[in-house]
Amino acid sequence: MMHRMVRWLRRSATRRAGLLRPPDRSAARLRYGLERALHDGAITDISALALELGVISASAGDSDVAAKLAVAQRRVTDILDELRGVGSWIYPPVLASAGLGPGLRAVAERRGLRLLLDLPRDELGAEARSRAGLLVADHFHTLRPGSVVRVRVRGRRIVRVSITDQRPGGSARRAHRAVLRCG
Amino acid sequence: MIAEDGALFREGLVLLLRAAGHEVAGCFADGEALIAAVATDPVDVAVLDIRMPPGQEGGLVTAERVRALRPEVGLLLLSHYAETHYLMRVLEIGTERIGYRLKERVAGVRVLGDTLDRIAGGEIVIEPVLARRLVHGGGRTDGPLSALSERETDVLRLMAEGRANNAIAGELFISAKSVEKNIAAIFTKLGLPGDATVHHRRVLAVLAYLQAQRIDGPAGW
Chain A
953 MMHRMVRWLR RSATRRAGLL RPPDRSAARL RYGLERALHD GAITDISALA LELGVISASA
1013 GDSDVAAKLA VAQRRVTDIL DELRGVGSWI YPPVLASAGL GPGLRAVAER RGLRLLLDLP
1073 RDELGAEARS RAGLLVADHF HTLRPGSVVR VRVRGRRIVR VSITDQRPGG SARRAHRAVL
1133 RCG
Chain V
5 MIAEDGALFR EGLVLLLRAA GHEVAGCFAD GEALIAAVAT DPVDVAVLDI RMPPGQEGGL
65 VTAERVRALR PEVGLLLLSH YAETHYLMRV LEIGTERIGY RLKERVAGVR VLGDTLDRIA
125 GGEIVIEPVL ARRLVHGGGR TDGPLSALSE RETDVLRLMA EGRANNAIAG ELFISAKSVE
185 KNIAAIFTKL GLPGDATVHH RRVLAVLAYL QAQRIDGPAG W
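Which chain is which? The protein sequence lines are A and V, in order. Residue numbers for the first sequence follow the numbering used here, beginning at 953 and rising by one. Residue numbers for the second sequence follow the numbering used here, beginning at 5 and rising by one.
Just so you know, the hints here were simulated from the structure itself, not pulled from any lab data. Be a bit skeptical, because a hint or two may be false.
To be verified - Covered stretches of chain A (in silico footprint by chain V; criterion: 3 or more residues with CB under 8 Å from a CB of chain V, positions within the stretch not fixed): (1) 995-1005; (2) 1008-1016; (3) 1027-1039; (4) 1043-1052.
What the hints assert, rightly or not - Partial chain A-side listing against chain V, Cβ under 10 Å, derived: (5) A1019; (6) A1022; (7) A1058; (8) R1062.
As the list claims (entries may be wrong) - Straight-line alpha carbon distances no greater than 20 Å define the calculated SDA-like cross-link-like pairs of lysine to any residue that follow: (9) V/K193 to V/L208; (10) V/K185 to V/A151; (11) A/K1020 to A/I998; (12) A/K1020 to V/R205; (13) V/K185 to V/S153; (14) A/K1020 to V/R114; (15) V/K181 to V/E156; (16) V/K193 to V/R205; (17) V/K193 to V/R155; (18) A/K1020 to V/R155; (19) A/K1020 to V/R109; (20) V/K181 to V/Q217; (21) V/K193 to V/H203; (22) A/K1020 to V/V115.
Bear in mind that the values here come from a model prediction, so they are computed numbers and not experimental data. Glycine residues also receive a C-beta, built at the ideal position from the N, C-alpha and C atoms.
Pulled out of the complex, with its shape left as it was, chain A reads as follows:
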């Protein structure tokens, strides 16, 4: 009787869980391409500009000019910080290069989240990794810093993702889930 009750409670809790809509394959590819274009284009060129300003500053004899160049360099650094932030939102860079676990940990760290990850032992295929990673990363961006979040991922071709989160200082937990058909 007790077991049946627990099963019923679990099933009804799952039914209440919010359904998240994962990005499709073409959206994931587009986002990856956009992040690469931003990194290889604007971010790389502006970083080179920062170096150029550093070289000019080193040869500037006038302290006023050097001070103005230092201000310009700080502005360039701020612009790069903003572009990096945009790039990470579009497609977390570590997700592409290192996989689902490191990618999600990187986003959680940037967002100031406390994360508990429960991932399959073997790394997912490229498409599943990319789509599941973006789904979870996008959800992280909706959470307040200091939130606690648990992510569980299972399956390979049919990937099931469940996310439970709790606001800082709160006691209520919210559950979300998604199913992705990959490959």
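Since chain A is already given, all that's left is putting chain V on it; use the hints.
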């Protein structure tokens, strides 16, 4: 020596290094060429882009091979992103004569010179942006970090950057003795293991602690 696949950044780095009074022994667009050059011409420090060929993180792979081939060569890894994942990979390669910085944050003669001098001197150099995020991020008010005083938090951040006691003292305008006292208090309050006087071990202990605070918590979930 430099390995960087972006031509503009590579050329800018050469000019800046020369302006800082350094000699550039070689300049390459990928890691393989740098490894071949280091094998025949060992240098003080090799500067590598993390995201360059071969592969997505070719700079890290190249750094690993350079460290195995020539352990005496210092390594400075540059990236457009300050990420704990990259930091952990860098620490796996080595904890001495090594550094990880954001590209645009070394775009000045003084900061670049300081970074290279510290690496050549055997230190570990960690991007301050990342150290700050690890110390101040997370928004937690209940953890042991919140028990640290403002001064201790500043000292912890500078330790996470890999700074030695004298450098911390200089940065905070306090005595080296005061730095030692603060470090002892930090290790006690955070319950950190290890010897706080051995530089690279204490950096590792601090970073491991800060990373554990940010992720994979709490119990009961």
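Cross-check of the supplied hints:
1. 995-1005: holds (count 10)
2. 1008-1016: Result for this restraint: holds, n = 3.
3. 1027-1039: As far as the region 1027-1039 of chain A goes, the hint holds, because 4 residues have Cβ atoms under 8 Å from chain V.
4. 1043-1052: holds (count 5)
5. A1019: Hint on A/A1019: violated, closest Cβ of chain V at ~13 Å, above 10 Å.
6. A1022: At 8 Å from the nearest chain V Cβ, A/A1022 passes the 10 Å test, so the hint holds.
7. A1058: 5 Å, holds
8. R1062: 7 Å, holds
9. V/K193 to V/L208: 17 Å, holds
10. V/K185 to V/A151: 16 Å, holds
11. A/K1020 to A/I998: 18 Å, holds
12. A/K1020 to V/R205: 41 Å, violated
13. V/K185 to V/S153: 13 Å, holds
14. A/K1020 to V/R114: 17 Å, holds
15. V/K181 to V/E156: 14 Å, holds
16. V/K193 to V/R205: Holds, because 18 Å separates the two Cα atoms, which is no more than 20 Å.
17. V/K193 to V/R155: Holds, at about 14 Å.
18. A/K1020 to V/R155: Violated, because 32 Å separates the two Cα atoms, which is more than 20 Å.
19. A/K1020 to V/R109: Holds - the C-alpha atoms of V/R109 and A/K1020 are around 17 Å apart, at most 20 Å.
20. V/K181 to V/Q217: 28 Å, violated
21. V/K193 to V/H203: The hint holds at about 19 Å.
22. A/K1020 to V/V115: Answer holds: A/K1020 to V/V115 is near 18 Å, not above 20 Å.
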